[in-house]
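Colleague: Starting from the known structure of chain A, fit chains B and C onto it as the hints suggest.
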Amino acid sequence: MTTLVPTAIYTSPTEPIEVKLIPGVGPHSTDGKTTQISEIVLKAGGEDRDKPSAAKDTPLGNLRAQLTTLQDKLNEFLTQKMLNKRKLEDDDIERRILDDGVDEDSD
Amino acid sequence: MAPIDLDKYVRPGKDHFLALGLEGSANKLGVGVIKHPLGELTPENRALILSNVRDTYITPPGEGFLPRDTARHHRNWVVRIIKRALADAGVAGADLDCICFTQGPGMGAPLQSVVIAARTLAQLWELPLVGVNHCVGHIEMGREITGAENPIVLYVSGGNTQVIAYSNQRYRIFGETLDIAIGNCLDRFARTLKIPNEPAPGYNIEQMAKRGKHLVQLPYTVKGMDLSMSGILGYIDGVAKEMFGPQQKKLVDKETGEEITPEDLCFSLQETLFSMLVEITERAMAHVESNQVLIVGGVGSNERLQEMMALMVKDRKNGSVYSTDERFCIDNGIMIAHAGLLAYRSGQTNALEDTVCTQRFRTDEVFVEWRD
Amino acid sequence: MTDAILAQLDRLVPNIPLQVVSQGAEALVLSTQTHPYAQKSGTFIIKYRPPKPYRHPKIDAQITRSRTAGEAKFMAKLRRAGIRAPNLVSVDPNGGLIWMESVGEILPNGAVSSLKNLLWYLEQGSEAAGLLVQSQLELACRHTGAVIAKLHMNDMVHGDLTTSNMLLQEGEAYLIDFGLSSYSALAEDKAVDLYVLERAVLSTHSVHAEKYNGWLLAGYKDEQCGAYASVGGKKKYSETLKKLEDVRLRGRKRSMLG
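Protein chains in written order, with my numbering: chain A, 1 to 107; chain B, 108 to 479; chain C, 480 to 737.
Treat the hints with care, as some may be off.
Only pairs whose alpha carbons sit at most 27 Å apart, straight line, appear in this in silico DSSO-like list of lysine-lysine [said to hold, decoys possible]:
hint	chain 1	residue 1	chain 2	residue 2
1	A	K85	A	K33
2	C	K537	B	K357
3	B	K361	C	K537
4	B	K317	C	K715
5	C	K552	C	K519
6	B	K190	A	K51
7	B	K330	C	K552
8	B	K330	B	K421
9	C	K722	B	K330
10	B	K317	B	K348
11	B	K348	A	K43
12	B	K121	C	K556
13	A	K20	A	K81
14	C	K519	B	K330
15	C	K537	B	K320
16	C	K519	C	K537
17	C	K537	C	K552
18	B	K356	C	K556
19	B	K190	B	K317
20	B	K301	B	K356
21	C	K722	C	K556
22	B	K424	B	K330
23	B	K330	C	K721
24	B	K301	B	K317
25	A	K51	A	K87
26	B	K330	C	K700
27	A	K43	A	K56
28	A	K56	B	K348
29	B	K330	C	K690
30	A	K43	B	K301
31	B	K361	C	K715
32	C	K537	B	K348
33	C	K700	C	K690
34	A	K87	A	K73
35	A	K33	A	K87
36	C	K537	B	K421
Worth flagging that the hints you see were computed from the coordinates, not collected in a lab.
Chain A extracted, bound-state conformation:
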């Protein structure tokens, strides 16, 4: 039986290093961390009727489960990147205010 393993590669013109993501060792399931329904909907009394079905123990079923794990990793990776970028921008504002902030004494 062939095993299908999904992979994802992140490249960017501004970053020299290519990042490769793999599902890694399991266990894998279709019940992903980052692919759940929004909190807002549940809080407002909504129910989740859109849950993915559990993966079967077949090559395609295993692919679905691994893909969900990979999606989680991808989402976490991209979220972290966004947070880092925001932090850099915040630091930059702080630095500008502290270091270049000559406004108060300028006159």
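Modeller: Same frame as chain A, now just chains B and C:
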């Protein structure tokens, strides 16, 4: 321009075309299978709807649908809905001529979740893909169902409000909203009043409006053939919040002294917005000297809008109104299959790398090769 | 149909021979030889806004009153500003009735000389007649552009510029239909006015739209930067045109969700 040969691409030995259509630009996931006999479509040689299956993502009262939850809904249902549509039609993947999908306009994440299904099937069954403009899908389906030949089209839905007429191979936009769409305006007011989203917020407003009696005067904002609705929504939202918020302010009808109810507000909002819609439609009709109106899009199933349009048309020479029921005017897969198949028969297909969806895709960007 | 509307009109202006000129979206236009209050001869136009049965009576009464009164006031102001438009004779806001002097001509094909009809008529003959017709088309567009320029220089905005809302008489362009008109000094509002016209030309005269829109704008520019140069016309022109770019971009970018 001579009509083009619509049978050039028929498969050897076949006397018809079959297309699968996938729609998911907003909160409805729709899949349909359509059959076109050979030759030009006429009242005697009509398209055949083999299946039309839909599942709607519904949120709790007071909440709109978020793109990522809507996309998740489509992802988790698309395989089942496609299987059901094929089974209903009694058609196998190998029988199809092409796979049609909504390429835009719409919400990004839901569009993308559905196009992935389309691409997968196209590669699995080795079939060409056809990207369809959602608005053109509505127009072509409306024309096919009603038999309206060359109408002014009023396209009213959750995300669109346009007055359209065909000329020179394009559906041209004569008038449109300058801010929010009519369906969006009604949905948002439904959220303010905490009206359920089941089966649809607009439907529930319509039912309440039927029980309304007193008209609350609202702003009326028509600009030529365009209109603006955000100011009206802001105004009536304000009135509703005064009435049902902490202030509990009582409003009374000046003539009868009776208290204004939520039903009266729904009634007033509909009467005002629909008057504006009918007015710009009539203006477009006068401008291009047409006497047919076709109403498409989800809001088009509103009976009061249809009634007002019929009253307007009665005052015009040989005027007629065409509209479809909710199977066709609410977003569905069959209209994507139908418009996509018309494009396919004119030789329009999308290479895999040209199947990227776009949130903004104007009606007049489509080259309508299949019409004279 | 029109008969019912004519019966309503007969109650407002009894016993006057009337001829239907056209039925627009919101009004019926008729012509008569009778002046409402003076012993004057000539042809007069009656513009009648009948009640719209599809509208709630309250909405209907309010729209009819405000548009009729607004249009009459606007016409009076146009006359004072010297902008070509029909002269106002009398007005009945609640009845939705305006009397005015007649403008426009009848084209050889029997149609009224609106810019739309004139362009359509000239287009038909243009292949045979060639250059002569080209220059007639261009002049008609330029004169229309010029009268819009004048309107905008007076901080007035038409609100519904289409090629049906301009009439040509002896080569000069006249504006009509001011039911949606307003007063504004904002470049934005004037730009929207021009944008509405541009789109109307595109949808009604799609084959030659680019050419017509070019001439219309050229006429507009020449008037503001020529006749009005001494009163800041050039500055106003460039402000309006800059806004027009923005409005066009907004139009194309407008979010259209399914």
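Colleague: Of all the hints given earlier, name the ones this structure violates by number, lowest first.
Modeller: Numbers 4, 12, 14, 16, 18, 19, 25, 27, 28, 31, in rising order.
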